[in-house]
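Engineer: Numbering (the working numbering), first residue to last: 1 to 218.
These are calculated hints, taken from the structure and not from any lab test. Careful: at least some of the hints might be erroneous.
Claimed, not checked - Once the Cα atoms are required to be at most 20 Å apart in a straight line, the calculated EDC-like pairs of lysine to aspartate or glutamate come out as:
id	residue 1	residue 2
1	K202	D130
2	K202	E174
3	K142	D102
4	K202	D172
5	K202	E113
6	K142	E153
7	K202	E91
8	K202	D156
To be verified - Computed beta-carbon distance windows for the label pairs:
id	residue 1	residue 2	range
9	A160	Y190	11 to 21 Å
10	G179	R124	31 to 41 Å
11	Y190	A63	35 to 45 Å
12	L135	V75	19 to 29 Å
13	L104	P132	16 to 26 Å
14	D156	G180	10 to 20 Å
15	E153	A84	23 to 33 Å
16	Q115	A84	19 to 29 Å
All residues carry an ideal CB built from backbone N, CA and C; glycine is no exception.
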Amino acid sequence: MIRSEPAYGAPRTVRPVRTPGRAAVALAAVVACAALAAGCGIRSTSVPVDAGAAPSRMPCRTASAQETLPPAESVSVRIHLVCASQLVTVERTVEVDASRSDPLLIAQALLSELQAEPDADERRAGFSTDVPVALRVSAAHKGDPEGTLRLSEQPDDLPAEALAQVVCTYADSEPLGSGGSVLLGGPGNYAPRGYLCTSETKTRPGEVPTLGALELDR
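Generate the whole structure from the sequences, applying the supplied hints.
Structural biologist: Given below as structure tokens:
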């Protein structure tokens with residue numbers, strides 16, 4: 001009995017000591033792996049975040065630019081907005097019956113589109129407008145050359161980019177422009193001028209070339 005107790009007792013005291021040691025090592029390994037996996041998971045989420053910023057490197061294009069068609073009794077028109085310090089063409093839909101609308105109605109509709117706040121899709125793409133909301137367009141004065149449009153402000157008094165937006169939008173409209181130019185005057189008796197929309201105008205809208213003052217037929 002005396003010899004048998006140490007014989008049986010020894011294994012009982014050794015085994016419980018060794019078993020927790022192995023479990024602790026295994027548990028530590030599992031925790032370490034979990035920590036590494038979690039770390040890798042956190043780093044991997046940075047990839048889609050970086051990819052999400054890609055549209056900001058490609059401004060001036062809206063997601064729905066070619067997805068919609070104008071509804072019935074409406075027409076699609078092109079206006080020029082400011083994006084990345086340049087003029088970029090944007091498609092808009094206006095309720096104008098082109099078959100019976102005169103040039104003044106078209107000019108008024110285009111001006112309203114230039115003055116309107118860009119929608120959420122356009123703002124995300126970087127578009128803005130500088131055309132004053134108080135600006136108005138009216139018919140030619142008596143004696144003005146045919147095709148003249150009169151603005152409620154002297155054209156040269158407008159912000160440079162706003163003038164470029166108006167000029168290029170009107171010049172690109174077949175009923176209003178001719179040869180990439182449009183005749184604009186102000187509210188007073190000053191003679192109207194021919195304003196040109198060129199590729200340089202769109203690239204640097206701060207510069208709008210003119211054809212000079214036109215003589216009035218009085």
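Engineer: How does the Cβ-Cβ distance of L135 and V75 compare with 19 to 29 Å: does it lie in that range?
Structural biologist: Check passed, 22 Å falls within 19 to 29 Å.
Engineer: Is 16 to 26 Å right for how far apart the beta carbons of L104 and P132 are?
Structural biologist: At 19 Å between Cβs, range holds.
Engineer: Is the hinted pair K202 and D156 satisfied, with a Cα-Cα distance of at most 20 Å?
Structural biologist: holds (17 Å)
Engineer: Do the Cβ positions of Q115 and A84 conform to the proposed distance bound of 19 to 29 Å?
Structural biologist: This hint holds: roughly 21 Å between Cβ atoms.
Engineer: Does the alpha-carbon distance linking K142 and E153 stay inside the 20 Å limit?
Structural biologist: holds (18 Å)
Engineer: Could you tell me whether the CB distance from G179 to R124 stays inside 31 to 41 Å?
Structural biologist: Holds - the Cβ-Cβ distance for G179 and R124, about 35 Å, lies within 31 to 41 Å.
Engineer: Is the straight-line distance between the alpha-carbon of K202 and that of E174 20 Å or less?
Structural biologist: holds (18 Å)
Engineer: With the threshold set at 20 Å, check whether the alpha-carbon distance from K202 to D172 stays at or below it.
Structural biologist: Distance ~12 Å between K202 and D172 Cα, so the pair holds.
Engineer: Quick one, are K202 and E91 close enough, alpha carbons at most 20 Å?
Structural biologist: holds (16 Å)
Engineer: Going straight from one Cα to the other, do K142 and D102 come out at no more than 20 Å?
Structural biologist: With Cα atoms ~18 Å apart, K142 and D102 stay inside 20 Å; holds.
Engineer: Would you mind confirming whether the straight-line C-alpha gap from K202 to E113 stays at or under 20 Å?
Structural biologist: The given pair, whose Cα atoms are some 18 Å apart, holds under the 20 Å limit.
Engineer: Does the Cβ pair Y190, A63 satisfy 35 to 45 Å?
Structural biologist: Since the Cβ atoms of Y190 and A63 sit about 44 Å apart, the hinted range of 35 to 45 Å holds.
The structure shown violates none of the earlier numbered hints.
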